[in-house]
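The lines below spell out each chain.
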Amino acid sequence: MIRVVLPAHLRTLARTASEVELEVEGPVTQRSVLDALEARYPMLRGTVRDHVTQQRRPFVRFFACGEDFSHESPDAPLPAAVASGAEPFLLLGAIAGGF
Amino acid sequence: MSSVRVLVGTKKGAFILTSDAKRDKWDVAGPHFGGWEMYHLKGSPADPNRLYASQSKGWFGQVIERSNDGGKNWEPVGNKFVYDGVAGTHQWYDGTPHPWAFTRVWHLEPSLTDPDTVYAGVEDAALFRSTDAGQTWQELSGLRNHTTGSSWQPGAGGLCLHTILLDPSDPRRIFIAISAAGAFRTDDGGQTWRPINRGLRSEYIPDPAAEVGHCVHHIAMHPSRPGVLFMQKHWDVMRSDDAGDSWHEVSGNLPTDFGFALDIHAHEPETIYVVPIKSDSEHYPPEGKLRVYRSRTGGNEWEALTDGLPQSDCYVNVLRDAMAVDSLDSCGIYFGTTGGQVYASSDAGDHWAPIVHDLPAVLSVEVQTLP
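Chains as they are written, first to last, in my numbering: chain B, 1 to 99; chain H, 100 to 470.
There's no promise every hint is true.
Coverage of chain H stretches by chain B, computed from C-beta distances (three or more under 8 Å per stretch; other residues unrestricted) [unchecked claim]:
| id | segment |
| --- | --- |
| 1 | 119-125 |
| 2 | 188-198 |
Label-pair ranges, simulated between beta-carbon atoms [what the hints assert, rightly or not]:
| id | chain 1 | residue 1 | chain 2 | residue 2 | range |
| --- | --- | --- | --- | --- | --- |
| 3 | H | G351 | B | T16 | 54 to 60 Å |
| 4 | H | S102 | B | T12 | 36 to 42 Å |
| 5 | H | N167 | B | Q55 | 55 to 61 Å |
Partial list, derived from the structure: chain H residues whose beta carbon lies under 10 Å from chain B [stated by the list, open to error]:
| id | residue |
| --- | --- |
| 6 | A128 |
| 7 | G129 |
| 8 | G133 |
| 9 | S166 |
| 10 | Y383 |
| 11 | Y414 |
| 12 | V415 |
| 13 | C430 |
Hints in this document: simulated from the structure, not taken from any laboratory.
None of the values given here were measured: they were computed from a predicted structure.
Each residue gets a CB set at the ideal place from its N, CA and C atoms; glycine is no exception.
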């Protein structure tokens, strides 16, 4: 079971708690985790990564085990602790200015 | 007894204001979608409980929300806006080619007859339509693929399609406006389009009378007279009596003819309203006085409406989609400001009072008159 922590606005959009648990088939990668997340919560499609290019939206970041995985390949394996469910995969809205 | 529902989109959420026909006591519900930019909410004329809302945020992109119960409950629907075919380029601010890229939905226009059909005007400028209540969206690409499309340049707010007018007498005729390309019309349901900018003069572009390139801020039409259009351009208030084939200026005695919002009295098609703004670099009312101007002659002769509006130290703006009217016997006029006030007049503009005065910056105001 993979644990994924959502930022507040996506939690509200998906009408769910901050942490969701997902079954992921095969290798646990950014892509497989996000595929499972979007399959379970279709309203999140397009909010984390682009509908067509599947690229991460610029102000969304991916963290796990205290490290930033935002610039890693979407097909690179995530840490074993994420795959085992010991550690969550975190989706964060980058801290940015604005109003 | 009739009632009124005012749909308010703000920089940080949506609010729904309701009142009975007296319009002196208001219930304020919200924020819905707190923290998100709500560019526009609008109800279906065919089913007033069917509402659509454009919800966006720089971090998470575009979401479309739909309500089937007048805004009490909402559900996210389709948010996949993909340009038809090869997107190509338009001009960037510096004149270089820039790839067409979807940013957000500025305006949602539900069909006059079918609650499941709704149009979306988006940035970068394009028109989309859904016929399944917002689940899926298809571009009407004849507009963006017009021969002038590659020359369109964004205005200060982006290359946005912000106005959609559906002709109640001809379902195949649609008017749209784009900043800063101008106004366009289709007479075949959106397959082909032509610019309708003859008579506009914009001194800030290389050819002031160009076919396209005008910064049209808003267009309005009275449903009883769909061939007559009024326009608030970047500068100039304009009028067309031939469905946009030609325009003439009706700014008349306005203190400034810059502005964004414009609307028409529900029962008097020659009575129109604008909110003059000082200039394109000073987005606030002249002299710090918030004044709605009304013309009862279809333009040129304007009177200032001030009773109940701040007449000193007021430096808010009223954005292009932030004015609307109800259709009660005594027509109500409503507008929202970037200072978070929503003002209402239940007597066609003679007297005003704020419904609310401390919302986030108001981006849009729409009104539903309910039986």
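Evaluated hints:
1. Coverage of the segment 119-125 of chain H by chain B is violated. Counting CB-CB distances below 8 Å, 0 residues qualify, and the rule asks for three or more.
2. Against chain B, the segment 188-198 of chain H contributes 0 residues with a C-beta closer than 8 Å to a partner C-beta. That does not satisfy the three-residue criterion, and the hint is violated.
3. Between G351/H and T16/B the Cβ separation comes to about 56 Å, which falls inside the hinted range of 54 to 60 Å.
4. Between S102/H and T12/B the C-beta distance comes to about 29 Å, which lies outside the given range of 36 to 42 Å.
5. At roughly 34 Å, the beta-carbon separation of N167/H and Q55/B lies outside the given 55 to 61 Å, and the hint is violated.
6. Hint status for A128/H relative to chain B: violated, with the closest Cβ pair at about 17 Å, above 10 Å.
7. The closest approach between the C-beta of G129/H and any C-beta of chain B is roughly 14 Å, which is over the 10 Å cut-off, so the hint fails.
8. Given hint, G133/H at the interface with chain B, holds; its Cβ is 8 Å from that chain's nearest Cβ, closer than 10 Å.
9. The interface hint given for S166/H is violated, since its Cβ lies 15 Å from the closest Cβ of chain B, which is over the 10 Å cut-off.
10. Evaluation of the Y383/H hint against chain B yields a violated restraint, the C-beta minimum of about 17 Å exceeding 10 Å.
11. For Y414/H, the shortest C-beta to C-beta distance to chain B is roughly 16 Å, which exceeds 10 Å, and the interface hint is violated.
12. Among the interface hints, the one on V415/H is violated; its C-beta lies about 15 Å from the nearest C-beta in chain B, farther than the 10 Å criterion.
13. Nearest Cβ of chain B to the Cβ of C430/H: about 35 Å, over the 10 Å cut. The hint is violated.
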